[in-house]
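Here are the chains, one letter per residue:
Protein chains: 2
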Amino acid sequence: MKLSIIVIGDEILLGQVTDTNSGFISRTLGAYGWETVRIMTVADKADDIRHAIETCMEDSNLVITTGGLGPTKDDITKPLLCEIFGGPMIFDETVAENIREVFDKRGLKLNPLTEAQAMVPQSCKVIQNRLGTAPIMWFERRDGHVLIAMPGVPFETEGMLVSSVAPMIAERFTPDEFIGHRVLMITDITESALAQRLERFEAELPEGMHLAYLPTPGLIRLRLDAIGNCGTIGERHLDEAYRQLCEETAPYIIFKGDATAAEIALDAVRRHGWKITSAESCTGGDIAHTITMISGCSDVYVGSVVSYANEIKSGVLGVPPELIERHGAVSQEVVTAMVEGVARLMNAECAVATSGIAGPGGGSDEKPVGTVWTAVHTPDGTEAFVKRYPGNRSRVIDRATTEALLALAKKINRRP
Amino acid sequence: MKLSIIVIGDEILLGQVTDTNSGFISRTLGAYGWETVRIMTVADKADDIRHAIETCMEDSNLVITTGGLGPTKDDITKPLLCEIFGGPMIFDETVAENIREVFDKRGLKLNPLTEAQAMVPQSCKVIQNRLGTAPIMWFERRDGHVLIAMPGVPFETEGMLVSSVAPMIAERFTPDEFIGHRVLMITDITESALAQRLERFEAELPEGMHLAYLPTPGLIRLRLDAIGNCGTIGERHLDEAYRQLCEETAPYIIFKGDATAAEIALDAVRRHGWKITSAESCTGGDIAHTITMISGCSDVYVGSVVSYANEIKSGVLGVPPELIERHGAVSQEVVTAMVEGVARLMNAECAVATSGIAGPGGGSDEKPVGTVWTAVHTPDGTEAFVKRYPGNRSRVIDRATTEALLALAKKINRRP
Chain A
1055 MKLSIIVIGD EILLGQVTDT NSGFISRTLG AYGWETVRIM TVADKADDIR
1105 HAIETCMEDS NLVITTGGLG PTKDDITKPL LCEIFGGPMI FDETVAENIR
1155 EVFDKRGLKL NPLTEAQAMV PQSCKVIQNR LGTAPIMWFE RRDGHVLIAM
1205 PGVPFETEGM LVSSVAPMIA ERFTPDEFIG HRVLMITDIT ESALAQRLER
1255 FEAELPEGMH LAYLPTPGLI RLRLDAIGNC GTIGERHLDE AYRQLCEETA
1305 PYIIFKGDAT AAEIALDAVR RHGWKITSAE SCTGGDIAHT ITMISGCSDV
1355 YVGSVVSYAN EIKSGVLGVP PELIERHGAV SQEVVTAMVE GVARLMNAEC
1405 AVATSGIAGP GGGSDEKPVG TVWTAVHTPD GTEAFVKRYP GNRSRVIDRA
1455 TTEALLALAK KINRRP
Chain B
1055 MKLSIIVIGD EILLGQVTDT NSGFISRTLG AYGWETVRIM TVADKADDIR
1105 HAIETCMEDS NLVITTGGLG PTKDDITKPL LCEIFGGPMI FDETVAENIR
1155 EVFDKRGLKL NPLTEAQAMV PQSCKVIQNR LGTAPIMWFE RRDGHVLIAM
1205 PGVPFETEGM LVSSVAPMIA ERFTPDEFIG HRVLMITDIT ESALAQRLER
1255 FEAELPEGMH LAYLPTPGLI RLRLDAIGNC GTIGERHLDE AYRQLCEETA
1305 PYIIFKGDAT AAEIALDAVR RHGWKITSAE SCTGGDIAHT ITMISGCSDV
1355 YVGSVVSYAN EIKSGVLGVP PELIERHGAV SQEVVTAMVE GVARLMNAEC
1405 AVATSGIAGP GGGSDEKPVG TVWTAVHTPD GTEAFVKRYP GNRSRVIDRA
1455 TTEALLALAK KINRRP
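These protein sequences, in sequence, are chains A and B. Heads up: the first sequence begins at 1055 in the working numbering, then just goes up one per residue. Heads up: the second sequence begins at 1055 in the working numbering, then just goes up one per residue.
Hint data in this document are derived by calculation from the structure and do not stem from the laboratory. This structure is a prediction, so every number in the text was calculated from the model and none was measured. Some clues are possibly wrong.
Under 10 Å between C-beta atoms, here's a sample of chain A residues computed to sit facing chain B [to be verified]:
| # | residue |
| --- | --- |
| 1 | Gly-1077 |
| 2 | Val-1096 |
| 3 | Tyr-1296 |
| 4 | Gly-1339 |
| 5 | Gly-1357 |
| 6 | Lys-1367 |
Listed below are the simulated PhoX-like cross-link pairs for lysine-lysine, each with C-alpha atoms no more than 20 Å apart in a straight line [said to hold, decoys possible]:
| # | chain 1 | residue 1 | chain 2 | residue 2 |
| --- | --- | --- | --- | --- |
| 7 | A | Lys-1464 | A | Lys-1310 |
| 8 | A | Lys-1441 | A | Lys-1465 |
| 9 | B | Lys-1099 | A | Lys-1056 |
| 10 | B | Lys-1163 | A | Lys-1441 |
| 11 | B | Lys-1441 | A | Lys-1159 |
| 12 | B | Lys-1179 | B | Lys-1163 |
| 13 | A | Lys-1464 | A | Lys-1441 |
| 14 | B | Lys-1465 | A | Lys-1421 |
| 15 | B | Lys-1310 | B | Lys-1179 |
| 16 | A | Lys-1310 | A | Lys-1465 |
| 17 | B | Lys-1441 | B | Lys-1465 |
| 18 | A | Lys-1441 | B | Lys-1159 |
| 19 | B | Lys-1441 | B | Lys-1421 |
| 20 | B | Lys-1099 | B | Lys-1310 |
| 21 | A | Lys-1099 | B | Lys-1056 |
| 22 | A | Lys-1441 | A | Lys-1421 |
| 23 | A | Lys-1159 | B | Lys-1421 |
Note that beta-carbon positions come from the ideal geometry of N, C-alpha and C, so glycine has one too.
Kindly produce the complete structure, drawing on both the sequences and the hints.
Below is the structure:
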């Protein structure tokens, strides 16, 4: 089934805001068997929106729009949809009630502009937006093609898609079908080598099942999708294929389920009732930031030291200055002293540390840009390794953060 | 003049990678007077790419494609462009030379797949990609409409656009026109209040000049664009309008030029020859990360402490435990002790500190989610303030980071 996504908003077109909604929708509905054929970004202009809708409704079973639903004058999507699908605008009391509740929760006062959001086209089915005030609208054309208008705020679109809209889409388009999936997180193998290893497994998968490779630097998300008639496919078949998949990929599995590198590391630390900390030079706080973006991390994460200057490595983490002088800050000796120093200082059982050259300056023939020493520490001891990551400053930092967190998880998982 | 951007790549369509190229292109060419009318994201499929190109070339003077130019079998854009614009593929020795140089610099060996990148359509003008191996191609249709094919790697596209491609576009489309702009960074005023304040200024701007508002949370980038015939508009006119604009917005200017909050803070600290550090609770390392993403920050940034757990606030930063017990971690007293503690520990003249509730859990009636205490410290003393930021965890952290860095810059700039 074909899906088109239309992103509405001058702020996206002007490059002021980066659209992340389309990627989220594509990933989420991909697991339900939808193929995204096109993403179009258009201005808050009636003609442009209308043209995009007409183009997409032609060849797509489902069209999802995001944005253009706010109460300000820029937002013209709602009356336009009313015009396209016919019928009048009507006042919807359930929407008004939802808006009052949302405002109440936020401690805000209603204004007339907000009440106007309770006006909706009669031709649509309303899906209450429990995370915001703009109602979600479901339109259906005579040929069965569906358009769903969702808000532009990522928090609202993501939450409502997962909790309500995606299940409703599955119900409408594949009412008698089984839809399920399992995810594995894979590391230490390239995507192409993994695909080669799984060639026979994929070829022998029963109809309705297939593998999706979702690679990120250092970590591959491997998703097993099952879609098909309830009579021929179900949880039992999915479980059996998943068991086989786990066997085939056993040496490379770092987590069974869907998780980021930070979530994988926190999970490993949490299972032992330990605490985690970090000492960061080249990653400059990115490891701490990545961990603390996870809500609820405070049961295992205590804090970090970003020791950018050598004086901080010595003065705060207790790295002997002679060590830095003799081996340089980017060395096995210094990163090992950093990780042990921060574990002591923070009174944590587990720690990771990085010291490297993120670039663009600071590289040498011996230690070119991208060279990063990483150390991981657990009650079982300390290990350090050096790698050279490709790309610019931001990619080197990002990759070094991922590798440090995964290395810690692997060391803990290897525990006898 | 109208611009369309086509983003090519399954990885974008599947939601594996977030496209940032289109926003960068739109922002950059916006300063040259280009209006982006459409962004289309399509798969690595010949029919889809062809259809997008045909649609966009109709109503746009300029079409820029990104992606689809790599050496692997997925990438079919180059032969397709050759077919659309006519003529054969030819081997281009200057491109081959560039590829050899790039590989040499990276210490990599050439393989036949890479050499194939030196094949280009005869119908295009090649722009050497000094940051990568995929050549940039400039096609011109008989009606004067231009298509430029750029690589998908953001680092390459951004660098080459600014250094080569944008100036070439300006030369081709507006050869006798003056194009210039000035940027101001504005804070402590909403976008709508600023627009109201500048209503008369904007109305009285000479033809060819206009203001662009580029708001981000906590900071507005205000850009004055000048485009027009060299006989009637030039540097002198732009300077005069810019001088007036500075007068009109004086109380709200935090930086003259284009800069992020972290760059503004580092600049203020650097001008005094000082050092900067941070003590972070709710921002969890995001301030450190934001600063260290700036290459060359090490002349003023020494390091940070992320003191997530209260024991770290006391044990490492020296915040008296009684203070935390009496006032709570999210309080003026504790954030003040944190900022002074970290300045002492890190031996830095300037420091920022945050303590707040990023959510979604941990809020109370008295201190709801989004409440953040921020402290800034300079040789002139310490100040603290509390604000409540809207949005989810990620937005609260992002906003708290921006406000802390701006508050430090403002305190330094107020210096007698």
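Could you work out which earlier hints the structure fails to respect and list their numbers in ascending sequence? 3, 12, 14, 15, 20
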